[in-house]
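Enquirer: Below are the chains, spelled out letter by letter.
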Amino acid sequence: MLTLTRKIGQKILIGNGIEVVVREIRGRQVRLGIVAPDGLPVYREELYQDLATANARALSTLHRDRVATLPEPSP
Amino acid sequence: MSAVLGIELPLGLPGVTPHGNFELAARSEGSAYVWLRCTDEPGVELLAVDILRLHPDYPIEQVRRGLGFLHLDADEPLLVLALCTVPPAPEPATANLLAPIGVGTRSRRAAQIVLHDARWSDRDPLLRQS
Numbered sequence: 001m002l003t004l005t006r007k008i009g010q011k012i013l014i015g016n017g018i019e020v021v022v023r024e025i026r027g028r029q030v031r032l033g034i035v036a037p038d039g040l041p042v043y044r045e046e047l048y049q050d051l052a053t054a055n056a057r058a059l060s061t062l063h064r065d066r067v068a069t070l071p072e073p074s075p
Numbered sequence: 001m002s003a004v005l006g007i008e009l010p011l012g013l014p015g016v017t018p019h020g021n022f023e024l025a026a027r028s029e030g031s032a033y034v035w036l037r038c039t040d041e042p043g044v045e046l047l048a049v050d051i052l053r054l055h056p057d058y059p060i061e062q063v064r065r066g067l068g069f070l071h072l073d074a075d076e077p078l079l080v081l082a083l084c085t086v087p088p089a090p091e092p093a094t095a096n097l098l099a100p101i102g103v104g105t106r107s108r109r110a111a112q113i114v115l116h117d118a119r120w121s122d123r124d125p126l127l128r129q130s
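For the protein sequence lines, the chains are X and W, in the order given. Okay, so the first sequence: first residue is 1 according to this note's numbering, each after it adds one. Okay, so the second sequence: first residue is 1 according to this note's numbering, each after it adds one.
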């Protein structure tokens, strides 16, 4: 893992279009500002993990025999 | 939707596969349910549902904004899908309305995004519709 030391206001550039800037340090918390290409998903790790868990559950619990019994949505 | 539609998810599906080539196949002709199969990784197959058939008021423009990095044309029709969790009964079958998959039906590019909108659940019951 690349580890960098930055001060408040200093940036890290990732590729061609992603900037991460240290906005504030308060105790054990760091506020980061992120500039990314329009619409590129940027997630807190916890949110991404929730998404990944939900997707993995959809895959692993799929009960195919039941799929045919799901009713079509009402118009 | 045609019988089978090849689509690309450049970011893959979090928690499922990093691969991006998929195909969509309707459960049956005219069905709101579609199979989402990864053509790069046999065995990766999920059920999804056309959200607008469940909830015509779904915020499709929020989805379009979230897909900005795909550079879809502003007038490109979108298919908006929710992944379904279908465990054995009696556990409820649900759809994840919080993390829709938006599909540009002309470019056939797609991505899953997360809405920051408390109106929608990641476990919306499917059988409430019956």
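Possibly wrong hints are sitting among the right ones.
Derived list of chain X stretches under chain W, where covered just means 3 residues or more per stretch with a C-beta under 8 Å from a C-beta of chain W [as the list claims (entries may be wrong)]:
1. 22-28
2. 36-48
Calculated Cβ distances over 10 Å to all of chain X for the following chain W residues [claimed, not checked]:
3. I7
4. H19
5. E23
6. A25
7. D40
8. P42
9. E61
10. R65
11. D75
12. P77
13. A118
Think of the hints as simulated: they come from the structure by calculation, not from any bench. Note that CB positions come from ideal geometry on N, CA and C, so glycine has one too.
Enquirer: Could you run down the list of hints and mark each one as holding or not?
Expert: Hint-by-hint comparison with the structure:
Residue count for the segment 22-28 of chain X with a Cβ under 8 Å from a Cβ of chain W: 0. That is fewer than the three needed, and the coverage hint is violated. Using a Cβ-Cβ cut-off of 8 Å, 8 residues of the segment 36-48 of chain X lie near chain W, which meets the minimum of three, so the contact claim holds. Every beta carbon of chain X lies more than 10 Å from that of I7/W, the smallest distance being close to 16 Å; the non-interface claim holds. Here H19/W stays apart from chain X, with its beta-carbon at least about 13 Å from theirs, past the 10 Å limit.
No Cβ of chain X comes within 10 Å of the Cβ of E23/W; the nearest lies about 16 Å off, and the non-interface call holds. A25/W, annotated as away from the interface, keeps every beta carbon of chain X farther than 10 Å; the closest lies near 12 Å. At roughly 15 Å from the closest C-beta of chain X, the C-beta of D40/W stays outside 10 Å, upholding its exclusion from the interface. With a minimum CB-CB distance of about 13 Å to chain X, P42/W clears the 10 Å threshold, and the non-interface call stands.
Residue-level check passed: E61/W sits 13 Å from the nearest beta carbon of chain X, beyond 10 Å. Once the 10 Å rule is applied to beta carbons, R65/W is inconsistent with being away from chain X; the minimum gap is 7 Å. Once the 10 Å rule is applied to beta carbons, D75/W is consistent with being away from chain X; the minimum gap is 17 Å. Distance check for P77/W against chain X: the nearest CB is about 18 Å away, which clears 10 Å, and the non-interface claim stands.
With a cut of 10 Å on Cβ distances, A118/W stays outside the contact zone with chain X, its closest approach being about 14 Å.
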